[in-house]
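Novice: Put together the whole structure using the sequences plus the hints.
2 protein chains.
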Amino acid sequence: MSERNRTVPRMGMVGGGQLSRMTHQAGIALGIDFSVLAADPRDSAARVCGDVVLGDDRGLDDVLAFAKACDVVTFDHEHVPEPVLRAVEEAGGLLRPGRRALRFAQDKLVMRTRMAELGAPSPAWRAVSAPEHVDAFADEHGWPIVLKAARGGYDGKGVWIADGPEEAAVIVARAAAEGVPLLAEEKVGFRRELAVQVARSPHGQVAVYPVVETLQRDGICHEVIAPAPGLDEEKATRAQQAAIEIAHALDVTGVLAVEMFETAEGVLVNELAMRPHNSGHWTIDGAVTSQFEQHLRAVANLPLGAPGTVAPYTVMANVLGGADPDVYGRYLHVMAKDPGVKVHMYGKDVRPGRKIGHVTVTGDDHRDLLARARDAADYLRGDDQ
Amino acid sequence: MSERNRTVPRMGMVGGGQLSRMTHQAGIALGIDFSVLAADPRDSAARVCGDVVLGDDRGLDDVLAFAKACDVVTFDHEHVPEPVLRAVEEAGGLLRPGRRALRFAQDKLVMRTRMAELGAPSPAWRAVSAPEHVDAFADEHGWPIVLKAARGGYDGKGVWIADGPEEAAVIVARAAAEGVPLLAEEKVGFRRELAVQVARSPHGQVAVYPVVETLQRDGICHEVIAPAPGLDEEKATRAQQAAIEIAHALDVTGVLAVEMFETAEGVLVNELAMRPHNSGHWTIDGAVTSQFEQHLRAVANLPLGAPGTVAPYTVMANVLGGADPDVYGRYLHVMAKDPGVKVHMYGKDVRPGRKIGHVTVTGDDHRDLLARARDAADYLRGDDQ
Chain G
0 MSERNRTVPR MGMVGGGQLS RMTHQAGIAL GIDFSVLAAD PRDSAARVCG
50 DVVLGDDRGL DDVLAFAKAC DVVTFDHEHV PEPVLRAVEE AGGLLRPGRR
100 ALRFAQDKLV MRTRMAELGA PSPAWRAVSA PEHVDAFADE HGWPIVLKAA
150 RGGYDGKGVW IADGPEEAAV IVARAAAEGV PLLAEEKVGF RRELAVQVAR
200 SPHGQVAVYP VVETLQRDGI CHEVIAPAPG LDEEKATRAQ QAAIEIAHAL
250 DVTGVLAVEM FETAEGVLVN ELAMRPHNSG HWTIDGAVTS QFEQHLRAVA
300 NLPLGAPGTV APYTVMANVL GGADPDVYGR YLHVMAKDPG VKVHMYGKDV
350 RPGRKIGHVT VTGDDHRDLL ARARDAADYL RGDDQ
Chain V
0 MSERNRTVPR MGMVGGGQLS RMTHQAGIAL GIDFSVLAAD PRDSAARVCG
50 DVVLGDDRGL DDVLAFAKAC DVVTFDHEHV PEPVLRAVEE AGGLLRPGRR
100 ALRFAQDKLV MRTRMAELGA PSPAWRAVSA PEHVDAFADE HGWPIVLKAA
150 RGGYDGKGVW IADGPEEAAV IVARAAAEGV PLLAEEKVGF RRELAVQVAR
200 SPHGQVAVYP VVETLQRDGI CHEVIAPAPG LDEEKATRAQ QAAIEIAHAL
250 DVTGVLAVEM FETAEGVLVN ELAMRPHNSG HWTIDGAVTS QFEQHLRAVA
300 NLPLGAPGTV APYTVMANVL GGADPDVYGR YLHVMAKDPG VKVHMYGKDV
350 RPGRKIGHVT VTGDDHRDLL ARARDAADYL RGDDQ
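Residue numbers (numbering that gives the first Met the number 0), protein chains in the order written: chain G, 0 to 384; chain V, 0 to 384.
Some hints could be false.
Identical copies look the same in the list; a pair holds intra-copy or inter-copy alike.
Stated by the list, open to error - The calculated SDA-like cross-link candidates involving lysine to any residue, where the alpha carbons are at most 25 Å apart (straight line), are:
| # | residue 1 | residue 2 |
| --- | --- | --- |
| 1 | 336 | 309 |
| 2 | 156 | 168 |
| 3 | 156 | 354 |
| 4 | 234 | 365 |
| 5 | 156 | 81 |
| 6 | 336 | 207 |
| 7 | 354 | 9 |
| 8 | 67 | 40 |
| 9 | 336 | 179 |
| 10 | 336 | 310 |
| 11 | 156 | 348 |
Think of the hints as simulated: they come from the structure by calculation, not from any bench.
Specialist: Encoded structure:
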């Protein structure tokens, strides 16, 4: 550490994506010495961060060396293999979240098993390694069945819907051939999808954000409405309590995002992420403390910031890449049409369907906000012009 | 420009201070390629910015080379000499604001002359180069008299209060010896000090922020309350209109800060700055579009963002350096005591009295907010512990 501010931690973030990029922005205000381990100088965070270490952000040697140069290390993805995390911790590196917590974000079987132990509300599930496992599970819960890779996946996918035994058999065979462990889950008849962000610091302080609604198409989050309109208070409290209990039980440090299904009866835990998450991007413009600042404060073991909102509603829409790479050329229209829209671009190469940014609007009427956010995001993608 | 986004401008900011640092943060969200010309790698912006050019941020060769590598250049201070600005423009460099506009922020005599031509409400003033000029001015307006260096100053000062002829004579003699041109101004019996930020783009769009109250001690801005409490609407409108008229008349591009005095009758223009300004730092947390984003949008010739507020009141307090350089060690108390306070540190070496950061709070009751902001800023300075 420098002599100037002896107690300022040198914080390292593994991975150079947009989550690192936006955490860097938050770190500037906090005056934290923030460093990024990025695989490529053209990575989203590497383009803007003052302290970039280039290296393999999943590899033993580079992560280990990076951790040795930092006081504390956190992550913008969950793809650092467990043996690498173990080696870093054994070498005295301080990981937040730590290896034991990260397992639950890295492996859906480990996660589901732990959720069951905790009694967290969850869809029915079982590990499957043969077609007959899926068929037996479907006998109980009915087709279609959701099949998920516990870790990784193949063909760029980790989730499949099997409508019947033949389809399931193909997926199981393919996964077995690729060495991908699978689990089956009931296809929940949900009303909508929700998410909760909770931050937890090493000594156990938590701060929980309002429950948000996430709007997904083709398994990709397109928009987030914060807070979830019309969600009854009891369900909202149950969702927040579940997120807090999970954060404590898994000993999470930093931000935990819990994606949920809202059903007629309550909420079910769908996925976990132990980092700032797409469903929390709205907090940059819509909350007193953004999820990125909150993550840094938690990881640095500082008291957490107020998670309250600055407007009745905030809507976030992801900007996906379209056919035309010239996004900047479309700013003119979007900004002139709606001076209240907040544009957040990630500096990423434009590829069709890739998340390259997001937009946010705040105000009173969530339907109006959703229309405005969609309009801006659609225009920035540019395919309709 | 890169092939990736052909139309993204490479924006350069001359000067590596906190204004560049906070503009860099805003540039990340806009996905603008942002570069800083900094004198020292330890400068506030140089510590965090991904694209730092080291060089003399007032010198011909370095500013010229920097401008050649950028599509458009702006400034975090007004200290680049006029001949350097001229050489850059003659070489085809695009300066925003341009040399002709910057003169009015660089030379108080030029500024006062132009304000008089415009009929902008101003204190009485005259150029003085001999003690008898001051005495004659004082005969008309009464002692004490304010003496200002038109450019620069000496002993680190540019403004003096002369209580009588003897004091004035000493200041005039000293200024003459140092080659510093002086002007005399009446000492306005103001109720309070105000400031207005207005952004103007090259094609003449303007966006004006609410009029704020600035609280100064020993000539240093300590706190800002936005909007100015209890300011009557007519005065507020007159202040905003004056700022807009000045921005147009001086052909300003970017943010113009107009510091004013509120008197019984109206408002008087005190100082101009053509860049993001301390009196506008509240906009980061308190406005839909921060002054830093607004400055970038104006300089990049993008449509301006909404300047509206996100809360009834926002209060900003500067954090000054104290005797103890370990500011970070004091975060724990400030953040635990008030989770709603927003901390913005500049990564600067701590020296007593130096602005090293600011804090902001938003809410309904400006008195409560001022107390909270002062408390946080005082504690971060640390002298009372």
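Novice: Compare the structure with each hint and give your call.
Specialist: Hint by hint, here is what the structure shows:
no., hint, result
1, 336 <-> 309, "both (23 Å within a copy, 20 Å between copies)"
2, 156 <-> 168, "within (17 Å within a copy, 81 Å between copies)"
3, 156 <-> 354, "within (16 Å within a copy, 51 Å between copies)"
4, 234 <-> 365, "within (20 Å within a copy, 36 Å between copies)"
5, 156 <-> 81, "within (21 Å within a copy, 60 Å between copies)"
6, 336 <-> 207, "between (34 Å within a copy, 18 Å between copies)"
7, 354 <-> 9, "between (29 Å within a copy, 23 Å between copies)"
8, 67 <-> 40, "both (21 Å within a copy, 23 Å between copies)"
9, 336 <-> 179, "neither (48 Å within a copy, 49 Å between copies)"
10, 336 <-> 310, "both (21 Å within a copy, 24 Å between copies)"
11, 156 <-> 348, "within (21 Å within a copy, 49 Å between copies)"
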